[in-house]
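Q: We have chain F already, so just place chain R on it with the hints.
2 protein chains.
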Amino acid sequence: MKARVYVSIKPTVLDPQGQTICSALNGLGHKEIASVRQGKYFEIGVSEETSRDSAVKILDEIARDVLSNPVIENYRVEILD
Amino acid sequence: MKARVYVSIKPTVLDPQGQTICSALNGLGHKEIASVRQGKYFEIGVSEETSRDSAVKILDEIARDVLSNPVIENYRVEILD
Numbered sequence: 781m782k783a784r785v786y787v788s789i790k791p792t793v794l795d796p797q798g799q800t801i802c803s804a805l806n807g808l809g810h811k812e813i814a815s816v817r818q819g820k821y822f823e824i825g826v827s828e829e830t831s832r833d834s835a836v837k838i839l840d841e842i843a844r845d846v847l848s849n850p851v852i853e854n855y856r857v858e859i860l861d
Numbered sequence: 781m782k783a784r785v786y787v788s789i790k791p792t793v794l795d796p797q798g799q800t801i802c803s804a805l806n807g808l809g810h811k812e813i814a815s816v817r818q819g820k821y822f823e824i825g826v827s828e829e830t831s832r833d834s835a836v837k838i839l840d841e842i843a844r845d846v847l848s849n850p851v852i853e854n855y856r857v858e859i860l861d
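Protein sequences, first through last, are from chains F and R.
In this text, residue positions in the first sequence follow the working numbering: the first is 781, and each later residue adds one.
In this text, residue positions in the second sequence follow the working numbering: the first is 781, and each later residue adds one.
Because the hints were derived from the structure by calculation, they are not lab data.
Hints are not guaranteed to be accurate.
As the list makes no split between identical chains, a pair holds if one copy fits it or if it spans any two.
[As the list claims (entries may be wrong)] Taking lysine to any residue pairs in the SDA-like style, the calculated list, with each CA pair at most 20 Å apart, reads: (1) 782 to 820; (2) 782 to 797; (3) 782 to 828; (4) 782 to 849; (5) 811 to 793; (6) 790 to 812; (7) 782 to 799; (8) 782 to 803; (9) 782 to 814; (10) 790 to 838; (11) 820 to 852; (12) 790 to 835; (13) 790 to 846; (14) 837 to 861; (15) 782 to 846; (16) 837 to 823.
Chain F extracted, bound-state conformation (with noise of 0.2 Å):
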């Protein structure tokens, strides 16, 4: 089964590494681009023998405790099939 966990900063969280590209693409000619906010992206393989009700239980415990700090960063969970 894979599954795809989405990490972003909280919107009222500040994001310098976003910000900068922002000013780069502007830079570069691109002044349609508004904003830019960057997150992390993992794919996920979980072993074939996993029920889908486990998996979804066991990603969003990883995803909460692991991938993500849940003081500063929202995540979401996604499972592909």
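A: Then chain R, alone, in the frame of chain F:
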């Protein structure tokens, strides 16, 4: 208009960072996790005057030329509204 750009390492390219996360998760007791690959994720705000068609064109150009390295990475652009 909001858009998302996902950049992931091509399947044929080694991802030591993902392998390290996978071993760490296995070590923490999550034996169900078979593989992890890490990518990048950008949330991009495009100015409202830009039409959807030209936004798609601009974002594809930005994803190819600035946000990813096409030699080792794939990208995917998603327009939200």
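Q: Cα distance capped at 20 Å. Does residue 782 pair with residue 799 within a copy, between copies, both, or neither?
A: Answer is between; shortest inter-copy Cα gap is 16 Å, intra-copy 32 Å.
Q: Within a copy, between copies, both or neither: which one fits residue 790 and residue 835 at a CA-CA cutoff of 20 Å?
A: neither (25 Å within a copy, 25 Å between copies)
Q: At 20 Å max between alpha carbons, let me know whether residue 782 reaches residue 797 within a copy, between copies, both or neither.
A: between (29 Å within a copy, 18 Å between copies)
Q: What label fits residue 782 with residue 803 when the C-alpha limit is 20 Å: within, between, both, or neither?
A: Between copies only: 17 Å across, 35 Å inside.
Q: Within a copy, between copies, both or neither: where do residue 837 and residue 861 come within 20 Å Cα-Cα?
A: The answer is within: 15 Å in one copy meets 20 Å, while 30 Å across copies does not.
Q: Is it within, between, both or neither when you check residue 790 against residue 838 at 20 Å Cα-Cα?
A: neither (23 Å within a copy, 26 Å between copies)
Q: Within a copy, between copies, both or neither: where do residue 790 and residue 846 come within 20 Å Cα-Cα?
A: within (17 Å within a copy, 24 Å between copies)
Q: Is it within, between, both or neither when you check residue 782 against residue 820 at 20 Å Cα-Cα?
A: both (17 Å within a copy, 17 Å between copies)
Q: Cα distance capped at 20 Å. Does residue 811 pair with residue 793 within a copy, between copies, both, or neither?
A: Neither. Shortest intra-copy (24 Å) and inter-copy (34 Å) distances fail the 20 Å Cα cut-off.
Q: Between the shortest in-copy and the shortest cross-copy C-alpha distance, which are at most 20 Å for residue 782 and residue 828: within, between, both, or neither?
A: within (9 Å within a copy, 35 Å between copies)
Q: Have a look at residue 782 and residue 849 and pick one of within, between, both or neither, based on CA distance no larger than 20 Å.
A: Result: close neither inside a copy nor across copies, 23 Å intra and 24 Å inter.
Q: Up to 20 Å between alpha-carbons, please classify residue 820 paired with residue 852: within, between, both or neither.
A: both (13 Å within a copy, 17 Å between copies)
Going through the hint list in order, the structure does not satisfy hints 4, 5, 6, 10 and 12.
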